[in-house]
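Novice: Please arrange chain B on chain A, whose structure you already have, making use of the hints.
2 protein chains.
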Amino acid sequence: MKMNGNLKSYLNKRRSEVDRVLESYLPGPTCEPALIHEAIRYSLFAGGKRIRPILCLAACESVGGRSEVALPFAAAIELLHTYSLVHDDLPAMDNDTYRRGKLTNHKMFGEATAILTGDALLTAAFTMIAEKGLAASVSPKKVLKIILELGSASGSTGMVGGQLNDIESQGKEGLYLEKLKEIHTHKTGVLIRAAIRIGGILGGAGPKKLSQLTAFGEKAGLAFQIADDILDVEGKEETLGKPVGNDQTRGKWTYPALVGVSRAKKEAAVLIEEALESLKSFGPEADSLRHIAYYITHREK
Amino acid sequence: MKMNGNLKSYLNKRRSEVDRVLESYLPGPTCEPALIHEAIRYSLFAGGKRIRPILCLAACESVGGRSEVALPFAAAIELLHTYSLVHDDLPAMDNDTYRRGKLTNHKMFGEATAILTGDALLTAAFTMIAEKGLAASVSPKKVLKIILELGSASGSTGMVGGQLNDIESQGKEGLYLEKLKEIHTHKTGVLIRAAIRIGGILGGAGPKKLSQLTAFGEKAGLAFQIADDILDVEGKEETLGKPVGNDQTRGKWTYPALVGVSRAKKEAAVLIEEALESLKSFGPEADSLRHIAYYITHREK
Chain A
803 MKMNGNLKSY
813 LNKRRSEVDR
823 VLESYLPGPT
833 CEPALIHEAI
843 RYSLFAGGKR
853 IRPILCLAAC
863 ESVGGRSEVA
873 LPFAAAIELL
883 HTYSLVHDDL
893 PAMDNDTYRR
903 GKLTNHKMFG
913 EATAILTGDA
923 LLTAAFTMIA
933 EKGLAASVSP
943 KKVLKIILEL
953 GSASGSTGMV
963 GGQLNDIESQ
973 GKEGLYLEKL
983 KEIHTHKTGV
993 LIRAAIRIGG
1003 ILGGAGPKKL
1013 SQLTAFGEKA
1023 GLAFQIADDI
1033 LDVEGKEETL
1043 GKPVGNDQTR
1053 GKWTYPALVG
1063 VSRAKKEAAV
1073 LIEEALESLK
1083 SFGPEADSLR
1093 HIAYYITHRE
1103 K
Chain B
803 MKMNGNLKSY
813 LNKRRSEVDR
823 VLESYLPGPT
833 CEPALIHEAI
843 RYSLFAGGKR
853 IRPILCLAAC
863 ESVGGRSEVA
873 LPFAAAIELL
883 HTYSLVHDDL
893 PAMDNDTYRR
903 GKLTNHKMFG
913 EATAILTGDA
923 LLTAAFTMIA
933 EKGLAASVSP
943 KKVLKIILEL
953 GSASGSTGMV
963 GGQLNDIESQ
973 GKEGLYLEKL
983 KEIHTHKTGV
993 LIRAAIRIGG
1003 ILGGAGPKKL
1013 SQLTAFGEKA
1023 GLAFQIADDI
1033 LDVEGKEETL
1043 GKPVGNDQTR
1053 GKWTYPALVG
1063 VSRAKKEAAV
1073 LIEEALESLK
1083 SFGPEADSLR
1093 HIAYYITHRE
1103 K
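Chains as they are written, first to last, in our numbering: chain A, 803 to 1103; chain B, 803 to 1103.
Chain A with its partners taken away, still in its complex shape (with noise of 0.2 Å):
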């Protein structure tokens, strides 16, 4: 499978969509406190690729759900997704100076403007799936489960611990392979998975469907992480945004350190095998996920 110009449109449309409601359902610019709302759109509308809310939209088509019915949900998780990216550009954090070749959120506001856009952030992901829920043609039942999938990939044992232990594991010695996989599943392979679930749940997937998507999204996940490792070490800044290197600066865990750019990314193309295997049983209908599964580990940014 090949990167191709329908993979293109559909990415392209998919993200036109996720913006669309994430624009309409945030308070505009200019709305009481205006500068918390301009922090938030700032860091939400700086060209993310939104590949979490894409994956939750192409799972629920793969198992032949609409994905109208998760899209208000899909752009939940790029709220939260946006509140972790801020948090982890902060000072006391990863201490980052461009994101997406822009000034991170705490350059441009100041440091207690970005610590309370990502909580605002995080908390506009709980309540647009609330509200958005008891509007929406799936029952109320449902959506509790789906914030409960994404509470607890985002949370203290999910996201939050991998933030965690990445942080913590900075500079240390005794790098060794399970921990950092560790470290890379918490830290974005739980979100991912969270994403491809709910997409599932929300497509009307049965169990054993949503164990192989499950499945497909572990392996996602991990090549993704792996992916973003690699393009730290060979991508081009113009392109990244963002300085090529970080990581090694700041003795980060990787894979590219720890195993070498090359096998790293064969690892990632093996991870990406596994995960298409996990799909075997799906029909043509998850011909998108597929395709994005191929993209993850060849885009340039």
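Note that these hints are calculated values from the structure, not bench results. Among these hints, one or two may not hold up.
One copy or two, either will do: identical chains are not told apart, so a pair holds if it fits within one copy or between any two.
[Stated by the list, open to error] Pairs of lysine-lysine, DSBU-like flavour, derived with a Cα cap of 30 Å:
| hint | residue 1 | residue 2 |
| --- | --- | --- |
| 1 | 934 | 1010 |
| 2 | 904 | 810 |
| 3 | 909 | 934 |
| 4 | 944 | 934 |
| 5 | 1054 | 909 |
| 6 | 944 | 909 |
Note that this is a predicted model, so its numbers are computed, not measured.
Specialist: For chain B alone, kept in the frame of chain A given last:
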């Protein structure tokens, strides 16, 4: 009405119930990553008064509901409140060293861990409501409404917005009462109002009772913050667990700074009278709520 033995034992009983639910819900302090769970428990079990959950329980009873029904939701409100304290104390925000007689979270665990502790607590609040809601006798639709109440109260147009305004206004000239009321209302009032409304909703309040409870919550919430400001001037450091006079040092906008301690006290007393007036059609089931209103302005910490 006076703070009496009955009220003391009511508050103690309810506080233990809330603590028990939180204790059993949260991952243990040795659960991985242990540091985040230790940090969460450090701030959550630091001797908080649990005023917001207790108001929620008392509001549930005031309309004839059983407080057991509201208990898990009330406890989740305390998770949300604790997140806001941990983040407000951060160096980029209020830069506090002590809270409740203990070092603040970031002084104890470092800034990165404190940011993540707040994030995890905020996430846990919504996750807990969804999880307990799925297991409860409450309808899933009602649970979604509760999440919406809490999310709206705490997001960018609620508590987060209030905190931003509070920080922005520090040390600025042109202090005036309407602006201060607005800051107080958003920073403290909205969450207290939401706690009371959620109790009412879970107790089965009809639209009229709910609107009376809302009015009660608005008045009592503002009185609570004025009382807090007064304690910062008149309180005892050993009782408060933090230095007295903090607000003045920082050029914070407060009631005592604006109108003097004596008028601030009068203002709080009037608000409590008005709050009690809102409950005049309520029967003796609302007595706990009435007594807590009195306690709000007569507490020593």
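Novice: What hint numbers does the structure not satisfy?
Specialist: Failing hints, ascending: 3 and 6.
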